[in-house]
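Sequences listed follow chains A and B, in order.
Letter by letter, the first sequence follows residues 1 to 161 in our numbering.
Letter by letter, the second sequence follows residues 1 to 787 in our numbering.
Do not take every clue at face value.
What the hints assert, rightly or not - Coverage of chain A stretches by chain B, computed from C-beta distances (three or more under 8 Å per stretch; other residues unrestricted):
hint : region
1    : 74-84
2    : 93-107
3    : 134-143
Said to hold, decoys possible - Incomplete in silico selection of chain A near chain B, CB under 7 Å:
hint : residue
4    : Thr-34
5    : Gly-35
6    : Gly-39
7    : Asp-41
8    : Thr-42
9    : Gln-44
10   : Gln-89
11   : Arg-127
12   : Asp-128
13   : Leu-130
14   : Glu-131
15   : Ile-158
Stated by the list, open to error - Residues from chain B that face chain A, not an exhaustive set, calculated with beta carbons under 8 Å:
hint : residue
16   : Phe-19
17   : Leu-20
18   : Thr-21
19   : Tyr-26
20   : Asp-29
21   : Glu-203
These are computed hints drawn from the structure, not numbers from a lab.
From a predicted model like this one, the values you see are computed outputs, not experimental measurements.
Quick reminder that beta carbons are idealized off the backbone N, C-alpha and C, glycines included.
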Amino acid sequence: MPQVNMTVNGKAATGTVEGRTLLVDFLRETLGMTGTHVGCDTSQCGACVVHVNGKAVKSCTMFAAEAEGAEVATVEGMAAADGTLSTIQQAFQDHHGLQCGFCTPGMVMSAAALLRDNPKPSEAEVRDYLEGNICRCTGYHNIVKAIMAASGQDVSSIAAE
Amino acid sequence: MPADGGIGASSKRREDVRFLTGNGNYTDDINMRGQAYVHFLRSDVAHGVLNSVDTSAAADMPGVVHIFTGADFTEVGGIPCGWQITDKHGEVMQEPKHPVLADGKVRHVGDPIAAIVAETADQARDAAEAIEVDIDELPAVMDMKAAVADGSTKVHDDLTSNLCYDWGFVEENKGAVDEAIANAAHVTTLELVNNRLIPNAMEPRVAVGDYNRSTGDSTLYTTSQNPHVIRLLMGAFVLGIPEHKLRVVAPDVGGGFGSKIFHYAEEALCTFAAKALNRPVKWTCSRSEAFISDAHGRDHVTKIDLALDADNNFTAVRTETYANMGAYLSTFAPSVPTWLHGTLMAGNYKTPLVYVNVKAVFTNTVPVDAYRGAGRPEATYQLERVIDKAAIELGVDPIALRRQNFITEFPYATPVAVEYDTGDYVATMDKLEEMADLSGFEARLAESQAKGKLRGLGVNCYIEACGIAPSNLVGQLGARAGLYESATVRVNATGGLVVMTGSHSHGQGHETSFAQVVADMIGIDENMVEIVHGDTANTPMGMGTYGSRSLAVGGSAMVRATEKIIAKARKIAAHLMEAAEADIELKDGQFSVAGTDKSVAWGDVTLAAYVPHNYPLEEIEPGLEETAFYDPANFTYPSGAYACEVEVDPDTGKVTIERFSAADDFGNIVNPMIVSGQVHGGLAQGIGQALLEGCGYDENGQLLTGSFMDYAMPRASDVPFYSVDHSCQTPCTHNPLGVKGCGEAGAIGSPPSVVNAVVDALRRGGHDVTHVDMPLSPSRVWSAMQG
Numbered sequence: 001m002p003q004v005n006m007t008v009n010g011k012a013a014t015g016t017v018e019g020r021t022l023l024v025d026f027l028r029e030t031l032g033m034t035g036t037h038v039g040c041d042t043s044q045c046g047a048c049v050v051h052v053n054g055k056a057v058k059s060c061t062m063f064a065a066e067a068e069g070a071e072v073a074t075v076e077g078m079a080a081a082d083g084t085l086s087t088i089q090q091a092f093q094d095h096h097g098l099q100c101g102f103c104t105p106g107m108v109m110s111a112a113a114l115l116r117d118n119p120k121p122s123e124a125e126v127r128d129y130l131e132g133n134i135c136r137c138t139g140y141h142n143i144v145k146a147i148m149a150a151s152g153q154d155v156s157s158i159a160a161e
Numbered sequence: 001m002p003a004d005g006g007i008g009a010s011s012k013r014r015e016d017v018r019f020l021t022g023n024g025n026y027t028d029d030i031n032m033r034g035q036a037y038v039h040f041l042r043s044d045v046a047h048g049v050l051n052s053v054d055t056s057a058a059a060d061m062p063g064v065v066h067i068f069t070g071a072d073f074t075e076v077g078g079i080p081c082g083w084q085i086t087d088k089h090g091e092v093m094q095e096p097k098h099p100v101l102a103d104g105k106v107r108h109v110g111d112p113i114a115a116i117v118a119e120t121a122d123q124a125r126d127a128a129e130a131i132e133v134d135i136d137e138l139p140a141v142m143d144m145k146a147a148v149a150d151g152s153t154k155v156h157d158d159l160t161s162n163l164c165y166d167w168g169f170v171e172e173n174k175g176a177v178d179e180a181i182a183n184a185a186h187v188t189t190l191e192l193v194n195n196r197l198i199p200n201a202m203e204p205r206v207a208v209g210d211y212n213r214s215t216g217d218s219t220l221y222t223t224s225q226n227p228h229v230i231r232l233l234m235g236a237f238v239l240g241i242p243e244h245k246l247r248v249v250a251p252d253v254g255g256g257f258g259s260k261i262f263h264y265a266e267e268a269l270c271t272f273a274a275k276a277l278n279r280p281v282k283w284t285c286s287r288s289e290a291f292i293s294d295a296h297g298r299d300h301v302t303k304i305d306l307a308l309d310a311d312n313n314f315t316a317v318r319t320e321t322y323a324n325m326g327a328y329l330s331t332f333a334p335s336v337p338t339w340l341h342g343t344l345m346a347g348n349y350k351t352p353l354v355y356v357n358v359k360a361v362f363t364n365t366v367p368v369d370a371y372r373g374a375g376r377p378e379a380t381y382q383l384e385r386v387i388d389k390a391a392i393e394l395g396v397d398p399i400a401l402r403r404q405n406f407i408t409e410f411p412y413a414t415p416v417a418v419e420y421d422t423g424d425y426v427a428t429m430d431k432l433e434e435m436a437d438l439s440g441f442e443a444r445l446a447e448s449q450a451k452g453k454l455r456g457l458g459v460n461c462y463i464e465a466c467g468i469a470p471s472n473l474v475g476q477l478g479a480r481a482g483l484y485e486s487a488t489v490r491v492n493a494t495g496g497l498v499v500m501t502g503s504h505s506h507g508q509g510h511e512t513s514f515a516q517v518v519a520d521m522i523g524i525d526e527n528m529v530e531i532v533h534g535d536t537a538n539t540p541m542g543m544g545t546y547g548s549r550s551l552a553v554g555g556s557a558m559v560r561a562t563e564k565i566i567a568k569a570r571k572i573a574a575h576l577m578e579a580a581e582a583d584i585e586l587k588d589g590q591f592s593v594a595g596t597d598k599s600v601a602w603g604d605v606t607l608a609a610y611v612p613h614n615y616p617l618e619e620i621e622p623g624l625e626e627t628a629f630y631d632p633a634n635f636t637y638p639s640g641a642y643a644c645e646v647e648v649d650p651d652t653g654k655v656t657i658e659r660f661s662a663a664d665d666f667g668n669i670v671n672p673m674i675v676s677g678q679v680h681g682g683l684a685q686g687i688g689q690a691l692l693e694g695c696g697y698d699e700n701g702q703l704l705t706g707s708f709m710d711y712a713m714p715r716a717s718d719v720p721f722y723s724v725d726h727s728c729q730t731p732c733t734h735n736p737l738g739v740k741g742c743g744e745a746g747a748i749g750s751p752p753s754v755v756n757a758v759v760d761a762l763r764r765g766g767h768d769v770t771h772v773d774m775p776l777s778p779s780r781v782w783s784a785m786q787g
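Okay, chain A solo, but in the shape it has when bound:
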């Protein structure tokens, strides 16, 4: 089996994989980084979103071998080394943007990619961007609110908590 080498959250990561091993399985099973989740098998749900060389990618749509030499970022690398949550993570907690937490890693990673490209998205832009991230718990209200809040926008006029 081939060996793959990549950088995950700034640290070198190496493992042997089958050709068919998906990046998400490499992260979860080979590296034991279970923060990235698998919620479907058709690349619809977005629970597995990570960043590969700075771009948001569904890690179930990419073979581990395709990430050879890549810089991969996962939800485990989003908080500061001392545990301080990132602005986006903190906004999700402040605005109750998660319930069961299963879609959350993908939501956080998608939100980070969105805000990097579009620092002040409108509500419609946030909702449109999350087309590939399904949440069954929150009804999206507080996720959209949290992402807008994380972008520095005033969300106090948005209804309810």
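Take the given structure of chain A and dock chain B to it, following the hints.
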């Protein structure tokens, strides 16, 4: 509302930090040393005689450890059903066998035929391809009405027919109801479908079985809403393992919505295989597999008659419903169309006569069971749709028609055997009218029309019953379980508390809100209270989380246990301060003697309990730990009024939700932020049912909506920001917190408001439409507009 914690505060959720940082511990994150992986070979036909399963070639595939088939399970029990319905003739329901692996026949696409255990998950999947299955295909039983007609193919050959039961409620009222309808000034009749849904919690199911040879103990890690129930059902009825040799752990669980209440064959297989093979066995469900193996929801076909007198007072309601059970009876399936549905058919209205008939039918489909709301959405949808249709037929305002018929005096005994303790339906409707800005509708209508869009307004009410109880009553109704809840409160020497609850949190935020309650009672910081749940080894026997019962029932058990703690702590405090117990007051974590400046801190008392040097040992035991089991006297009855405004594109039939307002009465509130979040999520699921979601089968029993590419889950762009309010509060009279439950309301109340709004939009657009079946896809709405 306190800002610094306790009951009524929007405390941020403590569980969020681990979920936001990737440190959750979901079942699929658990890996045991030496574990093997199981893959299920499932039937790809809906109905057939299973002639043979040849595993010889597969057994020689790389990495294969063992292959189980139905023949391996002839010595163990089948998957049990937890509720037995007695029909209108006094006969008990027909209850088919439900083998762990198919035995003799396959009865739905997805029915498990063989379980391949291999060194890796990929090897198990590869080997499944090499199993040769010989099936003589039989006609698939799909249409419920045809299924119960004479001569239909039978799903279960050993049953007399495909009719599980024919339930009448209240049977004695049937004659009076028929007479009232025959003599009514006006009768509105509506036939409708409550569309079949697939729950799709974002975390697929997972099971890890483990067996300890040295102790003979089995452990199952599983994605469950109620680990104690799984332990009892699987241990006692399937595998014959006594509870003290079986531990069930449901760690972080990624949503349930009902689908993770039930005991599934895969749990039994993994537990069984771990012992048989003497190594841990793990199964992770793929999403495609979930679509054909998780219990589905709803799937009712109903005809409802609403009778009114000449003054538009409701005089009678009569329903006839066909309820799909699927191929086997899932754990609580028989209760959903009966006791969780028929008892709600009075709704918010003082209709004096109600009769509900339900025919439960076996078909060659995945089993159907409770899904968020479970029976109550079906009841609400029928009633609130037929009321809107009646308003159209009579030419009256639908809100006024509802208000005229509201129950206004409580307690209120309905004609369907339940007694609402509290409610104020006028108040929630008043609040709704304000929130939804109904007076501004005409202006918004004009704006939509200027854009070439149709616009409609839909309003409805709902009542639900949460915290189903008491146990002796539900036993009479056929439940094979009690419906109490439990809590153990363990106070540590230095004053911190651990609360072990039989409830289970899989998104509801119990770790935060339960801690708020206990901390508030003692007057200490919330962070001194830890909530433990999900492991039968360290929590008292409890029934788990579903039916919006956790705070009303589990929270009440926690309150009772905490009251016992406080009572004992007062005795200790009295001893320490050499005062009479009756004079001891507890406030802000300090015990004081009334009328004096003497006080001892909470931590002094807890330390004394565990270091009992100065302690009344002759009167009370050392230590500070108490357990309570709480069995409610009645259901709780949350209620509310919802309003939806839609725009419809007349060219395409596409519906967009422009505004959604929800005024709920949940009684007292512990954490308003969490309550709002629960409502938001329920609304999205209800809007999903109304506009997007519909499980489809073809006539051969093939699932047409077998992935997220075909089954339309609500996305962020399908829903608006919601306006929710829970300031109307009529506290429950029979539980110590005065709480009612909020988990299902959104999913119960929202489908009729969406459909009412779309019908209203079409009518305002000049289309003579009175009903469109859910989901209101563009093609259905467009077709309705074509007449």
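Hints versus structure:
Check on the region 74-84 of chain A: 6 of its residues sit with their Cβ under 8 Å from a Cβ of chain B, so the three-residue criterion for coverage holds. Here the region 93-107 of chain A counts 11 residues with a CB under 8 Å from a CB of chain B, which clears the bar of 3, and the coverage holds. Counting residues of the region 134-143 of chain A whose C-beta lies closer than 8 Å to any C-beta of chain B gives 10; at least three are required, and the coverage claim holds. With a cut of 7 Å, the hint placing Thr-34/A at the interface with chain B holds, because the nearest CB-to-CB distance is about 4 Å.
Restraint check, Gly-35/A versus chain B: the minimum CB separation of about 2 Å is within 7 Å; hint holds. The closest approach between the C-beta of Gly-39/A and any C-beta of chain B is roughly 5 Å, which is under the 7 Å cut-off, so the hint is satisfied. Interface hint status for Asp-41/A: upheld, as the beta-carbon distance to the closest one in chain B is roughly 5 Å, under 7 Å. Restraint check, Thr-42/A versus chain B: the minimum CB separation of about 5 Å is within 7 Å; hint holds.
Residue-level restraint check for Gln-44/A holds (minimum Cβ-Cβ distance to chain B is 4 Å; threshold 7 Å). With a cut of 7 Å, the hint placing Gln-89/A at the interface with chain B holds, because the nearest CB-to-CB distance is about 4 Å. Hint status for Arg-127/A: holds, given a least beta-carbon distance of 4 Å to chain B, under 7 Å. Among the interface hints, the one on Asp-128/A holds; its C-beta lies about 6 Å from the nearest C-beta in chain B, closer than the 7 Å criterion.
Annotation: Leu-130/A was flagged as interfacial toward chain B, and the flag holds, the nearest CB pair being 4 Å apart, inside 7 Å. Satisfaction of the interface hint for Glu-131/A is found here, the shortest Cβ-Cβ separation to chain B being roughly 6 Å, below the 7 Å cut-off. A least Cβ separation of about 6 Å between Ile-158/A and chain B falls short of the 7 Å threshold, and the interface hint therefore holds. Nearest Cβ of chain A to the Cβ of Phe-19/B: about 3 Å, under the 8 Å cut. The hint holds.
The restraint placing Leu-20/B at the interface with chain A holds, with a minimum CB-CB distance near 4 Å, inside the 8 Å limit. Interface restraint check for Thr-21/B: the shortest CB-CB distance to chain A comes to about 5 Å, inside 8 Å, so the restraint holds. With a cut of 8 Å, the hint placing Tyr-26/B at the interface with chain A holds, because the nearest CB-to-CB distance is about 7 Å. At its closest, the beta carbon of Asp-29/B sits 4 Å from a beta carbon of chain A; the interface hint therefore holds under the 8 Å criterion.
Hint status for Glu-203/B: holds, given a least beta-carbon distance of 4 Å to chain A, under 8 Å.
Of the hints listed earlier, there is not a single one the structure fails to meet.
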